[in-house]
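Student: Chains as they are written, first to last, in my numbering: chain S, 1 to 311; chain Z, 312 to 622; chain H, 623 to 933; chain B, 934 to 1244.
To be clear, the hints were calculated from the coordinates, so they are not data collected in a lab.
What you are looking at is a predicted structure, and each value in this text was computed from that prediction instead of being measured.
Hints should not be assumed to be uniformly reliable.
As a list, the in silico SDA-like pairs of lysine to any residue whose alpha-carbon atoms are at most 20 Å apart [as the list claims (entries may be wrong)]:
hint: 1; chain 1: H; residue 1: Lys712; chain 2: S; residue 2: Gly234
hint: 2; chain 1: S; residue 1: Lys90; chain 2: H; residue 2: Arg901
hint: 3; chain 1: Z; residue 1: Lys401; chain 2: Z; residue 2: Ala418
hint: 4; chain 1: H; residue 1: Lys712; chain 2: S; residue 2: Ser274
hint: 5; chain 1: B; residue 1: Lys1023; chain 2: Z; residue 2: Gln375
hint: 6; chain 1: S; residue 1: Lys90; chain 2: H; residue 2: Gly707
Number of protein chains: 4
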Amino acid sequence: MALIDAHTRGVFAIAPTPFTSDGGLDTASIHRLVGFYEAAGVDGLTVLGQLGEAPKLTGRESVQLAREVITRTSLPVVVGVSAPGFGAMKDLTAAVMDLGAAGVMIAPAHTLRTDEQILAYYQQAAEALGPDVPICVQDYPLTFSVVISPPVLARIAAEVPSVVMLKHEDWPGLEKISALRAAHLEGRMRRLSILCGNGGLFLDFEMQRGADGAMTGYCFPELLVDIVELTAAGDADQAMDLFDAHLPLIRYEQQPGTGLAVRKYVMHRRGIISSPVQRSPGRVLSSGERDEVDLLLNRLSKRDPRAELTR
Amino acid sequence: MALIDAHTRGVFAIAPTPFTSDGGLDTASIHRLVGFYEAAGVDGLTVLGQLGEAPKLTGRESVQLAREVITRTSLPVVVGVSAPGFGAMKDLTAAVMDLGAAGVMIAPAHTLRTDEQILAYYQQAAEALGPDVPICVQDYPLTFSVVISPPVLARIAAEVPSVVMLKHEDWPGLEKISALRAAHLEGRMRRLSILCGNGGLFLDFEMQRGADGAMTGYCFPELLVDIVELTAAGDADQAMDLFDAHLPLIRYEQQPGTGLAVRKYVMHRRGIISSPVQRSPGRVLSSGERDEVDLLLNRLSKRDPRAELTR
Amino acid sequence: MALIDAHTRGVFAIAPTPFTSDGGLDTASIHRLVGFYEAAGVDGLTVLGQLGEAPKLTGRESVQLAREVITRTSLPVVVGVSAPGFGAMKDLTAAVMDLGAAGVMIAPAHTLRTDEQILAYYQQAAEALGPDVPICVQDYPLTFSVVISPPVLARIAAEVPSVVMLKHEDWPGLEKISALRAAHLEGRMRRLSILCGNGGLFLDFEMQRGADGAMTGYCFPELLVDIVELTAAGDADQAMDLFDAHLPLIRYEQQPGTGLAVRKYVMHRRGIISSPVQRSPGRVLSSGERDEVDLLLNRLSKRDPRAELTR
Amino acid sequence: MALIDAHTRGVFAIAPTPFTSDGGLDTASIHRLVGFYEAAGVDGLTVLGQLGEAPKLTGRESVQLAREVITRTSLPVVVGVSAPGFGAMKDLTAAVMDLGAAGVMIAPAHTLRTDEQILAYYQQAAEALGPDVPICVQDYPLTFSVVISPPVLARIAAEVPSVVMLKHEDWPGLEKISALRAAHLEGRMRRLSILCGNGGLFLDFEMQRGADGAMTGYCFPELLVDIVELTAAGDADQAMDLFDAHLPLIRYEQQPGTGLAVRKYVMHRRGIISSPVQRSPGRVLSSGERDEVDLLLNRLSKRDPRAELTR
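Could you build the full structure based on these sequences and the hints that come with them?
Tutor: Put into C-alpha cells, the structure is as follows:
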C-alpha cells in the first residue's frame, strides 16, 4: 500500500473509534465509517489518534482496529503510535506496518523541554522504528505542552529522514506555516507535508498560507474536502462562505474533552456509527449540550443541506 | 462610585492599554477609548488585565492608567491586581480603590494545585486586601494551569465573602455555568455574578446558560452588548445571527499571543487608539495577518455595517 | 501468593530491569537480582516502576519480566501498571495477577488537576481492574505534577476499597505521613499501608513519623532494611548513624535522570547485574560521574564495610 | 560599589527577609544579619530572592530592604528583580542600582518554552534594564519549569553582554557545570561566573567540577565558606568530611516550602534574627519538625561545634 511522503496532500480524516453499547469494538460501525469517509472524498484516514480513544484500547484491540480499517479500504491509513516509551511504540508500529499502514504519527513526550530534547526524541523514535517507516510529527502544544519551533522542525527534517509529515496544530499557527514554507523555498529546510488539525478552526487561512491539507476529525469531513479543493482551485471566497457557515459548529466541536462527544453524537445522528458511546473514562453530552448541537445543525442546514438530519 | 456585587450584569469591556509610538502611556487615546466604550453602551470597564499589558507597566504607570480611566467615566471600573505576591497586590488595590475603582480582579497563582490551595489563596488574598474590596475571581485554566471546579467555587463563595464575581473563561465552560447556576438555585451556593471571557467565542450559548454578561475585549464591544441585550430580551435567534457574522473575526482574535495585536490593529483602524503598538515584548501583525484581518472585516461589513472601515 | 494489604510492612525493593549489552532482557541477571534481594532481607519486590524502565519494554517483555521475577521468589511482587489509558493497564494487570503478583501500582495521569479528577481516576482504574486487585497509589508530584492532598487520599481510601497502599514520595512529605496517621487514628480515614520512596532521602524521619516501610530502589537495599528494622526496634539513634553514612550516596543517586545510571552502575560493580546498560533512551555515567560514585563508595566503606567493592 | 562580573568568586549568601512578629520589616534583625554574614566570611549577599519572600513585599519595602543592606555593608549585594513583566523589573532595578547594588538576578518567566523564547527573554530584559546593569541568570528548572541547556547559555553569553553570572541550580547539574567550563576552555563560550544554589546539596562536587562558588541560603553560611575555601586550597577530602557532617541538615532544609521555615528557625535559634515568622502566606514549623531540626542540630554539633545552640 502507498506510504505517506513529503508531498502528500488532501484530507486525512481522523476516525473516531466506534464502540458497541457494551463497550466492545463495533466492527459493523467501523466498516460503515470507512465507507462513509470514502464517499466523502477524503484522501486518507488516521486511526488511533488522541480523539480515537487510543489509550483506552488494549494492544490487541489497537491492532484489530487498524486491521479492520486497513483491509477495508485502499486509502492510505496513518496510525497513531504515541506511547510513553519506545517499546510499545515499536511493537504497534511493526504490527500495523505489516498490515499495510501508510505511516505512523508520533506526538512528543510531554516531559520534553529543550530544543535538543525534542530533536533527540524524534531521532530515537526513528531509530527504534527503523528507516522504512514514514513518520508524521504531531505538533500539538495545547495538549502536550511541548512547543516545537520552526528551526527545530527544520533540524528534525534535516536529521531524521523518515519524518515526512507534520500534523500541524500549534495555536496560533498561521505564521508557523508561512515560516516553514519560506524555509523550504529558500533552501533552508527539507519539504514536509503539512496537514492541519485543531478541528479545522483555521482551515480557511491555513490553506491560503500553503498547507497541503487537513488531518482532523470534524464531523462533516465533506466540508474539509470542500475547503481544501476550493482553495486549491483558486476559489478562496467560495471556500470561506462555506467555511463560515460551518464555523459555529466547528467552534463548538473544538472544546477540549467535550469535542469527541459532539463528534460521535453527530456521526451517530448521521447514521454512520451505531452508538455515540465512549469507553470509560468518557463524556456523554448533557441534554443541554445535545439541544445546542441540534440547534447548530438546524441553523447550518439552511446554508448546507448536508446538515439536515432525519433521525 | 458604585462597587461590583453578586448581581452585576452586562458587558464589562477589557480595555487594552494604548501606548504612544515611543512606548509611553497614550493619554489622549485612553480618553478616546473611554468615550468609545461609553458610546458602545458597555456597563463597565476592566483595566490592567492580562490583555491590558499590565505586567509591562511600572507600579506608577499602573496607578496612572487606572486614574485616567476612573476619573474620566462614571462607569464602574474593575482593576486587575494579580501579582506574584500579596505585597504588590495590596499596594495596587489600596491605590485604585482610593481612586474609586469598583473592585479588583485576581487570577490564581500558577503554582496552585490542590483544591485546598486554591481556596486558601483566595482567603489569604481577601484577608490581605481587607473586607471592603469586592473581588472578581479570574478562572482561566488555559493560561494559568489552575482548574477551579464548581465545588471549589462554591466553597470560595461560602468562605470568602468579598468574592462577588467570576470572570468565567474555563474551556469548555458551558456546563460549568449551568452547574454554578443550579448550585445557587438549589441553595448550595451563594450567588456570584458570572461574566464570560474567552474573547466571546461562546457568548451565544453562555448567555443562554445563565451568564450575567461578558467581560472580554473583543474589538467590537458593540457586538457583545447586542448579544447580551438580545438574549436578555428573549431574542436568542437574532442574537445568534449577529454572533455568527462576527464569529470568523472573534475566532481569529482569540489566538493566544496574536489576539492582542489583532485587537489593537482593529481599534487603531477604527480610529479609537492612535497606534497599535505594544510595549516590548509585544507582537505586531505581519503583513499576511493584516491582510487576513482586513479580509475578515470586509466580509463582516456585508452583514454588520459597523465593520466598514474608512481608513 | 500473598496479596499486599493495608497492613503490609517492611521494605519493597524497586528492581531495575537488567539488559544484556545488546539490549535484550538479561534473564540471568534477573535471577541473580532476585537472589540478591532475598539475601538482603527485603520483604517484597516492585517491578516495572518508573525506574524499572517499564515504558521501554514491549507488552510481551513486561509480562516476561514479571513472570521471571514472580516465579523465582516467594516474596510478594508489586507490578507497576501505569499507562496512558485503562486498556493497556487492564491487559497487563490481568496477566500479572494471573502469574501471582501481589498487587499493582498506579501513578495518576499527568493531566489530572482537581481533587475530583484525581478521585475519579482511581475509581475508574479500580473499576477497570476489578475488585480483587489490590492497588498501591503512587504519590509522586515531582514527576507527575499531580498533588494528592491528605483529604483526597482519605476520600480515595473511603470510596475505592481496593486501594490498600500508598507509595509515598511527596516532597516535602513528613507532615503528610503524620496527617494520614492522625486521620486514621482519629477515625477519619481507613488505614493504608505507607511505604516511602524518594530514593530513601528522608527514610530516617519517615519511619519515625509512622511509615510502614520503604518502597524504593537505593543501590544498597540492605541499608533500607536496617533503617526500617532498627527504627521498629526502637533504636532510632543507631539507625540515624547508619543512615547518615549512606546519605552522601543516597543524595547522589536521587538526581533525576542520573539516578538510575548510578544505581545500575553500583549494582553492576557489586556483581549483581552483568551490565549497567539502559535501553535507549538512557544515560550512562560519564567518567567524571563514575569517579564521583567511586569516591562516595570508598568513603562509605570506611563506615559500612558492605560498600567495599573488589571489582 | 563593586559590580559582579564574569570572574566573581566565593559565597554569596541568600539572605532571608526578617519580619517583626506583627509582620513589618525588622530593621534591627536586618542589621544583625548583615553583621553575621560579614563575620561568617561570605563574599557577597543576595537579597529579594525567592527565599527572601520578595513577592510578599510592596515595591516600597523592596527598595527599603535593599537600602538597609547595601548601606550597611561594603560587600557586593545582588538584588533579585524577577517580575512578571519588564515594567516592575526596570523600576526596581533602577532604584537598587542607584543605591549601589552590585547587579541583579533574573529568573526566566515560567511560560517560556523554546530555546528561542528563553534567549529572547534575556535579550529583552537586558535591553529594558540598560547595558550597565550586570545580570545574574537564575537557572532553576525545578521551580520555574524552564530548562536552559548549555548551548542556550552559550548563546545568551554571546548575545547579551550584560549577563555575567549564572546562579546554577539545575538538578541534576554536575555535568552542566563541566559542559559550561569545557565550552569556555574550548573557546565556544564567553566565561560566566557560576555560583551554585540548590541549598548546597551538591556543593562538594560542584566545586570540584569547576564552579566559582555558592549562592544559596543554608542556615550555616560558614559551612559554605569552608567548602569553597577548602576545595580552592586543594583540600577536597577535608571539605567532604565537613560537608558530610552537615548533609543531614542541608537535606532537611532543602525541602520545598518547608526549607525557609527551617532556615529562619535555625537563624532565630542562633540569635541572628529576632523572629522566625514569615509573612503570609508562610509556613511555621510544626512541633514535630522543630524536634527533628533540634535533633539534627544536636547530632551535627558533635562534629561541628558551631552548631551548638545555647538558646
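Student: Would you mind marking each hint as holding or not holding in the structure?
Tutor: To see whether the hints hold, each was checked on the structure:
{"no.": "1", "hint": "Lys712(H) with Gly234(S)", "result": "violated, 51 Å"}
{"no.": "2", "hint": "Lys90(S) with Arg901(H)", "result": "holds, 13 Å"}
{"no.": "3", "hint": "Lys401(Z) with Ala418(Z)", "result": "holds, 14 Å"}
{"no.": "4", "hint": "Lys712(H) with Ser274(S)", "result": "violated, 26 Å"}
{"no.": "5", "hint": "Lys1023(B) with Gln375(Z)", "result": "holds, 17 Å"}
{"no.": "6", "hint": "Lys90(S) with Gly707(H)", "result": "holds, 18 Å"}
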